[in-house]
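Participant: Chain order of the listed sequences is A and B. Mapping the first sequence onto this note's numbering, position 11 (from 1) lands on 11, and the numbers just tick up by one. Mapping the second sequence onto this note's numbering, position 77 (from 1) lands on 190, and the numbers just tick up by one.
If you are wondering where the hints come from, they were derived from the structure by calculation, not from laboratory data. Take every hint as true, because none was put in to throw you off.
Derived lysine to aspartate or glutamate pairs resembling EDC-like cross-links, with alpha carbons at most 20 Å apart:
1) A:K42 x A:E108
2) A:K42 x B:D137
3) A:K42 x B:E216
4) A:K112 x A:D84
5) B:K184 x B:E165
6) A:K37 x B:E216
7) B:K170 x B:E191
8) A:K42 x B:E157
Predicted model, so just to flag it, every value in this text is computed and none were measured.
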Amino acid sequence: GESVGLHLPTLSVQEGDNSIINCAYSNSASDYFIWYKQESGKGPQFIIDIRSNMDKRQGQRVTVLLNKTVKHLSLQIAATQPGDSAVYFCAEIRYNQGGKLIFGQGTELSVKP
Amino acid sequence: DTGVSQDPRHKITKRGQNVTFRCDPISEHNRLYWYRQTLGQGPEFLTYFQNEAQLEKSRLLSDRFSAERPKGSFSTLEIQRTEQGDSAMYLCASSFAGPTAYEQYFGPGTRLTVT
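Modelling step: build the complete structure from the supplied sequences, incorporating the hints.
Facilitator: Structure follows, in structure tokens:
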């Protein structure tokens with residue numbers, strides 16, 4: 001079946017270090033991916049997106065890398081801060097199905113001060 | 114606050130009871146989505162509306178579940194004869210249809226506990 005999943009369920013980093021969160025997907029037809037951040041008790045919050053015709057996209061302190069050959073994407077957070085502590089999900093958007101999102105399991109990022 | 118709102122935030126109910134949740138999307142958005150999230154998992158798609166039309170329902174949405182968006186604005190999700198397996202966070206999201214459909218804005222969710 002199709003799935004979007006993450007390699008590691010938890011990640012602990014020191015404040016100021018860079019964080020890398022990975023995601024694997026199985027649907028080779030996927031052409032749009034999104035990273036979401038979810039803090040405790042809140043809904044997912046859009047972080048950054050990337051289209052399949054790109055291999056890298058940068059935002060403020062975040063970079064998403066896409067490797068279509070191995071169906072892998074990653075989220076890099078520079079100079080991780082305590083406020084970055086949350087669960088991070090990658091998701092695929094299905095434009096031909098009303099734009100619904102297919103989420104992976106999630107990685108919990110814990111930032112140690 | 115012009116974001117997506119959901120009510121109630123928490124609901125505890127006994128098995129067999131009916132519950133109804135409400136979602137108010139961002140006012141300009143014509144698409145509204147419902148997702149369900151269990152602990153440690155990513156949200157799972159349940160259904161979506163474009164304006165007042167319900168265009169897709171997941172197989173997760175059993176006959177006990179019904180969703181409406183009567184005027185193309187707010188939406189309700191009703192669960193009849195709740196079961197313990199219905200315990201989850203129910204998330205609502207809204208967006209524009211079209212090229213920016215990926216910009217789905219989520220509400221805070223309604224956490225349902227069925228005892």
